[in-house]
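2 protein chains.
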Amino acid sequence: MIQIELSKRQQQIIDIVKENGPITGEHIAERLSLARATLRPDLAILTMSGYLDARPRVGYFYTGKTGGQMLSDKIKDITVAHYQSRPVLVSASSSVYEAICTMFLEDCGTLFVVDKSNTLIGVASRKDLLRASLGEGSLETTPVSVVMSRMPNIAMCQKEDAIIEVAQTLMTRQIDGLPIVKKVAVGSGYEVIGRVTKTNLTALLVDLANNDFE
Amino acid sequence: MIQIELSKRQQQIIDIVKENGPITGEHIAERLSLARATLRPDLAILTMSGYLDARPRVGYFYTGKTGGQMLSDKIKDITVAHYQSRPVLVSASSSVYEAICTMFLEDCGTLFVVDKSNTLIGVASRKDLLRASLGEGSLETTPVSVVMSRMPNIAMCQKEDAIIEVAQTLMTRQIDGLPIVKKVAVGSGYEVIGRVTKTNLTALLVDLANNDFE
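These protein sequence lines map, in sequence, to chains A and B.
The numbering of the first sequence is our numbering, which starts it at 39 and goes up by one.
The numbering of the second sequence is our numbering, which starts it at 39 and goes up by one.
Because the hints were derived from the structure by calculation, they are not lab data.
For each residue, glycine too, the CB sits at the ideal point set by N, CA and C.
Certain hints may be false.
[Stated by the list, open to error] Straight-line alpha carbon distances no greater than 25 Å define the calculated SDA-like cross-link-like pairs of lysine to any residue that follow:
#1 A/K154 - A/V224
#2 A/K114 - B/D111
#3 B/K154 - B/E144
#4 A/K114 - B/H120
#5 A/K154 - A/S183
#6 B/K112 - A/Q49
#7 B/K112 - A/A200
#8 B/K112 - A/I52
#9 A/K46 - B/K221
#10 B/K112 - A/G88
#11 B/K112 - A/S45
#12 B/K114 - A/I116
#13 B/K46 - A/A82
#14 B/K46 - A/V224
#15 B/K112 - A/M209
#16 A/K46 - A/M86
#17 A/K112 - B/N248
#18 A/K114 - B/E136
#19 B/K154 - B/H120
#20 A/K112 - B/R93
#21 A/K112 - B/K112
#22 A/K46 - B/S71
#23 B/K154 - B/E174
#24 B/K114 - A/F142
#25 A/K112 - B/A241
#26 A/K46 - B/K220
#27 B/K112 - A/K154
#28 B/K220 - B/I159
#29 A/K114 - B/K221
#30 B/K197 - B/L172
#31 A/K112 - B/V244
#32 B/K46 - B/S71
[What the hints assert, rightly or not] Listing some non-contacts, in silico: residues in chain B with all C-beta distances to chain A over 12 Å:
#33 E64
#34 R78
#35 N191
#36 M194
#37 K197
#38 E198
#39 E203
#40 A241
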């Protein structure tokens with residue numbers, strides 16, 4: 039992929055075509071008080087880059103495409119597998135107190151709650167545990183399963199999903215992370231094989247800025 | 039910014055220059071069994087885009103720049119002011135219990151603790167408050183100032199800072215958000231005028247993917 043900063047003249051050409059298209063090369067040259075031949079390289083570049091399209095005997099017209107398109111395509115190609123963390127699991131019988139301790143020990147903000155066969159049954163966020171700490175009950179005796187979000191109301195993703203879909207889900211549902219799951223071999227549940235959080239997305243952003251993500 | 043998909047011939051030229059540069063246009067044409075004039079538009083585009091550089095009487099050489107460069111530059115131009123939220127403040131005399139309630143009422147994950155003159159004295163994260171809930175003390179009587187991170191050990195940013203620097207700081211310090219501050223008119227402290235968190239950075243990533251950030 040080639041990237042070229044638009045020259046002032048190329049920007050002028052785009053503006054002229056935007057307002058007046060379809061317009062011939064001769065008429066563009068006229069408006070700029072330049073020779074048609076002078077404009078040829080600029081028109082070639084603007085056509086090759088997709089800014090302008092040209093139809094024989096009609097002239098140039100504006101396609102409406104912008105420079106950010108490529109960046110956008112690049113991000114959409116990145117899958118969850120590229121930016122994941124290992125999952126931190128707690129059993130449904132753990133207390134809220136144990137869950138909070140696990141969060142600190144494992145330094146994570148989202149716990150996945152599983153049953154005895156390691157199937158996902160819920161998600162406990164920092165927010166869920168903090169809410170529990172406001173309640174009357176003892177954190178040592180309240181099971182985490184009482185305060186967690188529960189299947190099937192859990193947003194999940196798979197390794198092959200575009201990471202940007204995860205970002206969109208996190209924003210829409212106002213949560214911090216998703217479990218990466220795969221279907222269990224027997225039965226109907228899901229096994230948790232990873233997690234992806236706003237921290238992973240922040241790391242991706244840093245990599246994009248450092249041009250370091252390929 | 040213009041983006042052009044590299045043609046097969048342009049890719050060939052880059053490969054030749056990569057291996058043999060500096061190399062003259064004539065020699066490139068020779069290797070491709072083409073006339074020098076045929077290559078002129080390709081060489082012009084590759085030079086304009088920064089893939090190749092040309093020195094008179096020396097020839098073309100490869101600059102080592104790649105397509106991701108532009109994206110990277112684009113991200114680095116975005117300032118904190120473009121992706122900020124309003125700050126949520128609590129007074130130093132608030133209890134941990136009140137702080138947690140404020141977090142739920144305001145739906146945020148980072149509180150800024152201020153003194154009577156509204157000067158920043160600390161930051162309380164969900165993690166800080168969750169840690170407090172493990173302790174023996176009553177949440178209603180423990181002041182938030184006991185569990186917060188305290189000035190001057192607070193990472194801060196300003197409205198004009200590049201948002202990517204904030205992303206880097208959040209990753210390095212393993213925190214969720216920063217206060218956006220400005221110096222108070224009188225005295226030596228800082229006033230909090232906004233906050234920027236991993237949620238804002240996730241929103242930026244979504245906008246980048248949707249080509250929606252300009």
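Okay, the hints, checked on the actual structure:
Only pairs whose Cα atoms come within 25 Å are accepted, and A/K154 paired with A/V224 is accepted, the gap being roughly 14 Å. Annotation: proposed proximity of A/K114 to B/D111 holds, straight-line Cα distance about 19 Å (limit 25 Å). With a CA separation close to 21 Å, the supplied pair B/K154 and B/E144 stays within the 25 Å bound. For the given pair, A/K114 sits about 22 Å from B/H120 by alpha-carbon distance, which is consistent with the 25 Å threshold.
Using a Cα cut-off of 25 Å, the hinted pair A/K154 and A/S183 holds, with the two alpha carbons roughly 13 Å apart. Taking the CA atoms of B/K112 and A/Q49, the gap is about 18 Å. The hint holds against a cut of 25 Å. For the hint pairing B/K112 with A/A200, the CA-to-CA distance comes to about 22 Å; that is within 25 Å, so the pair holds. Straight-line distance between C-alpha atoms of B/K112 and A/I52 comes to about 21 Å, which keeps the hinted pair within the 25 Å bound.
A threshold of 25 Å between alpha carbons decides the hint, and for A/K46 with B/K221 the separation of about 39 Å lies outside it, so the pair is violated. With a CA separation close to 20 Å, the supplied pair B/K112 and A/G88 stays within the 25 Å bound. Of the pairs offered as hints, the one joining B/K112 and A/S45 holds, with about 17 Å between alpha carbons and a cut-off of 25 Å not exceeded. Of the pairs offered as hints, the one joining B/K114 and A/I116 holds, with about 20 Å between alpha carbons and a cut-off of 25 Å not exceeded.
A threshold of 25 Å between alpha carbons decides the hint, and for B/K46 with A/A82 the separation of about 17 Å falls inside it, so the pair holds. For the suggested pair B/K46 and A/V224, the alpha carbons sit about 49 Å apart, so the restraint of at most 25 Å is broken. With a C-alpha separation of about 23 Å, the suggested pair B/K112 and A/M209 falls inside the 25 Å cut-off, and the hint holds. Distance restraint check for A/K46 and A/M86: the Cα-Cα separation of roughly 18 Å lies within the 25 Å cut-off, and the hinted pair is therefore satisfied.
The suggested pairing of A/K112 with B/N248 holds, with an alpha-carbon distance near 11 Å, which does not exceed 25 Å. With a CA separation close to 42 Å, the supplied pair A/K114 and B/E136 exceeds the 25 Å bound. For the given pair, B/K154 sits about 29 Å from B/H120 by alpha-carbon distance, which is inconsistent with the 25 Å threshold. Taking the CA atoms of A/K112 and B/R93, the gap is about 32 Å. The hint is violated against a cut of 25 Å.
The hinted pair formed by A/K112 and B/K112 meets the criterion: a straight-line CA distance of about 14 Å does not exceed 25 Å. Distance hint between A/K46 and B/S71 is unfulfilled; the C-alpha atoms sit about 35 Å from each other, more than 25 Å. The hinted pair formed by B/K154 and B/E174 fails the criterion: a straight-line CA distance of about 29 Å is larger than 25 Å. Between the alpha carbons of B/K114 and A/F142 the distance comes to roughly 33 Å, so the proposed pair goes past 25 Å and is violated.
With a CA separation close to 17 Å, the supplied pair A/K112 and B/A241 stays within the 25 Å bound. A distance of roughly 37 Å separates the Cα atoms of A/K46 and B/K220; the hinted pair therefore is violated under the 25 Å criterion. Of the supplied pair hints, the one linking B/K112 and A/K154 is violated, its CA atoms being roughly 49 Å apart against a limit of 25 Å. Between B/K220 and B/I159, the direct Cα distance comes to roughly 13 Å. Compliance with the 25 Å bound is thereby established for this hinted pair.
As the CA atoms of A/K114 and B/K221 are separated by approximately 40 Å, the hinted pair breaks the 25 Å bound. Between B/K197 and B/L172, the direct Cα distance comes to roughly 36 Å. Violation of the 25 Å bound is thereby established for this hinted pair. For the given pair, A/K112 sits about 12 Å from B/V244 by alpha-carbon distance, which is consistent with the 25 Å threshold. For a cut-off of 25 Å, the pair hint linking B/K46 to B/S71 stands: about 15 Å separates their Cα positions.
The non-interface label for B/E64 is consistent with chain A: the shortest C-beta to C-beta separation is roughly 21 Å, beyond 12 Å. For B/R78, the condition that its CB be more than 12 Å from all CB atoms of chain A is violated, with the nearest at approximately 9 Å. The beta carbon of B/N191 sits about 19 Å from the closest Cβ of chain A, which is more than 12 Å, so the claim that it is off the interface holds. Distance check for B/M194 against chain A: the nearest CB is about 18 Å away, which clears 12 Å, and the non-interface claim stands.
Once the 12 Å rule is applied to beta carbons, B/K197 is consistent with being away from chain A; the minimum gap is 19 Å. No Cβ of chain A approaches the Cβ of B/E198 within 12 Å, the least distance being about 17 Å, so the stated non-interface status holds. Not every CB of chain A lies more than 12 Å from the CB of B/E203, the least distance being 9 Å, so the non-interface label is violated. At the 12 Å boundary, the C-beta of B/A241 falls inside the reach of chain A, the nearest C-beta of that chain being 6 Å off.
Hints 9, 14, 18, 19, 20, 22, 23, 24, 26, 27, 29, 30, 34, 39, 40, counting from the list given before, are not met by this structure.
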